[in-house]
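Take the sequences, apply the hints, and build the full model.
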Amino acid sequence: MESTRLATPESSQILVDRAVNGKKRDWKGKKLRSNFLAEHYQELYSRTGNAYYKQKMDRVQQCANVLSFRQDPENGRLKLFQAYFCKVRLCPMCAWRRSLKIALHNKKIVEEVNRTRDVRWIFLTLTIRNVGGEELEVAISDMMRGFNRLVKYKRVNNVLLGYFRALEVTKNREQQTYHPHFHVLAAVKKSYFAKAYVKQADWVALWRRAMKLGYDPVVDIRRVKPKADVNYEEIEQRVKDSIAEQKAVLEVSKYPVKDTDVLHDDVVSEDNLDSVYYFDSALAAKRLIGYGGLLKEIHRRLNLDDAENGDLIHVNEDKDEVANGAFEVMAYWNIGLKNYVVKM
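Those letters in the sequence shown? Residues 0 to 343, per numbering that gives the first Met the number 0, in order.
The hints are simulated quantities; they were obtained by calculation from the structure and are not laboratory data. Just to be clear, a hint being listed does not mean it is correct.
To be verified - Pairs of lysine to any residue, SDA-like flavour, derived with a Cα cap of 20 Å: (1) 153 / 103; (2) 285 / 169; (3) 151 / 203; (4) 106 / 119; (5) 86 / 60; (6) 342 / 107; (7) 211 / 106; (8) 27 / 285; (9) 257 / 126; (10) 295 / 113; (11) 30 / 342; (12) 30 / 314; (13) 53 / 84; (14) 30 / 12; (15) 30 / 211; (16) 285 / 130; (17) 107 / 266; (18) 337 / 15; (19) 27 / 80.
As the list claims (entries may be wrong) - Just the calculated beta-carbon pair ranges, DEER-fashion: (20) 189 / 73: 42 to 52 Å; (21) 214 / 57: 36 to 46 Å; (22) 57 / 296: 12 to 22 Å; (23) 171 / 107: 29 to 39 Å; (24) 128 / 327: 19 to 29 Å; (25) 263 / 190: 38 to 48 Å; (26) 331 / 152: 24 to 34 Å; (27) 329 / 208: 50 to 60 Å; (28) 137 / 265: 23 to 33 Å; (29) 80 / 51: 29 to 39 Å.
By construction, the Cβ of each residue, glycine as well, lies at the ideal position given by its N, Cα and C atoms.
Here it is, written out as structure tokens:
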């Protein structure tokens with residue numbers, strides 16, 4: 000459940016947003032990073048004269064400038080009900096909201112699958128060798144086609160019931176290369192861990208064949224083990240942890256591009272400009288996440304909207320309006336203070 004409280008009286012003009020567990024939501028930090036991204040689009044526009052970059056700059060600059068909350072007079076809790084999110088693929092603010100929403104959707108889908116079907120879960124990471132920036136767009140398109148071939152192979156199709164697939168791209172700054180790879184959370188038949196087991200070496204061979212590679216790619220496969228309650232409000236921290244079987248839902252739900260992979264340090268540099276240029280062009284018009292089989296069916300049955308292009312305001316489980324008598328609280332981005340100022 001999402002909840003928000005205002006700052007203490009001493010700093011009541013500054014928005015302080017805390018989850019139920021007390022963790023502070025980093026609206027300010029995400030907005031600063033988004034503004035930093037906008038500076039890079041501005042520089043690309045200055046250098047190229049391409050209006051495309053100016054449009055991206057304008058959208059990112061306007062992202063989450065005003066946040067509208069409704070406050071419950073009984074407990075002071077706030078609920079976000081209106082905001083403009085730019086939905087630019089590289090925007091740190093929007094990526095944060097998408098990650099939370101994707102995690103919630105996957106949590107609901109996995110719970111519904113476990114409630115209605117006797118399945119087992121595996122977590123796959125499918126990689127290729129690093130590529131240069133100019134090769135990234137083609138490599139991603141090849142991977143999308145390769146994945147579609149992989150899931151249709153008889154050996155895979157015989158055991159696979161459904162999947163969630165997410166593309167992630169990281170950057171090796173020392174070598175100036177990019178590493179696209181898939182994280183896949185897959186529901187498999189109960190027989191998978193008995194007579195229908197697919198060994199790791201077989202997954203390598205299947206992925207190599209699907210991608211038409213001349214080398215053996217790295218493929219990691221793990222069995223997902225159940226875990227007690229997971230606080231999905233903490234996804235931003237959790238996904239930074241190393242991949243562990245019991246954290247598979249969180250790991251696969253993170254947004255495909257972390258802003259720290261796009262923007263390094265706090266200056267507009269040639270390295271950062273290259274990153275924005277290549278990431279932006281390579282990810283344009285791509286479906287970075289996808290569902291298949293049983294998971295796609297349940298996504299539709301639960302009437303979940305598009306986490307990539309849909310509503311980024313309601314990213315929590317509590318969509319009920321706050322109590323009658325609630326009044327509006329507005330938080331405005333203050334350029335001078337570099338923070339959100341609350342007006343009631």
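A quick look at each hint next to the structure:
| no. | hint | in the structure |
| --- | --- | --- |
| 1 | 153 / 103 | 32 Å, violated |
| 2 | 285 / 169 | 16 Å, holds |
| 3 | 151 / 203 | 16 Å, holds |
| 4 | 106 / 119 | 15 Å, holds |
| 5 | 86 / 60 | 12 Å, holds |
| 6 | 342 / 107 | 35 Å, violated |
| 7 | 211 / 106 | 34 Å, violated |
| 8 | 27 / 285 | 29 Å, violated |
| 9 | 257 / 126 | 18 Å, holds |
| 10 | 295 / 113 | 15 Å, holds |
| 11 | 30 / 342 | 18 Å, holds |
| 12 | 30 / 314 | 18 Å, holds |
| 13 | 53 / 84 | 17 Å, holds |
| 14 | 30 / 12 | 17 Å, holds |
| 15 | 30 / 211 | 42 Å, violated |
| 16 | 285 / 130 | 18 Å, holds |
| 17 | 107 / 266 | 40 Å, violated |
| 18 | 337 / 15 | 14 Å, holds |
| 19 | 27 / 80 | 18 Å, holds |
| 20 | 189 / 73: 42 to 52 Å | 48 Å, holds |
| 21 | 214 / 57: 36 to 46 Å | 44 Å, holds |
| 22 | 57 / 296: 12 to 22 Å | 39 Å, violated |
| 23 | 171 / 107: 29 to 39 Å | 35 Å, holds |
| 24 | 128 / 327: 19 to 29 Å | 53 Å, violated |
| 25 | 263 / 190: 38 to 48 Å | 47 Å, holds |
| 26 | 331 / 152: 24 to 34 Å | 54 Å, violated |
| 27 | 329 / 208: 50 to 60 Å | 56 Å, holds |
| 28 | 137 / 265: 23 to 33 Å | 32 Å, holds |
| 29 | 80 / 51: 29 to 39 Å | 32 Å, holds |
This entry does not satisfy hints 1, 6, 7, 8, 15, 17, 22, 24, 26, going by the numbered hints stated previously.
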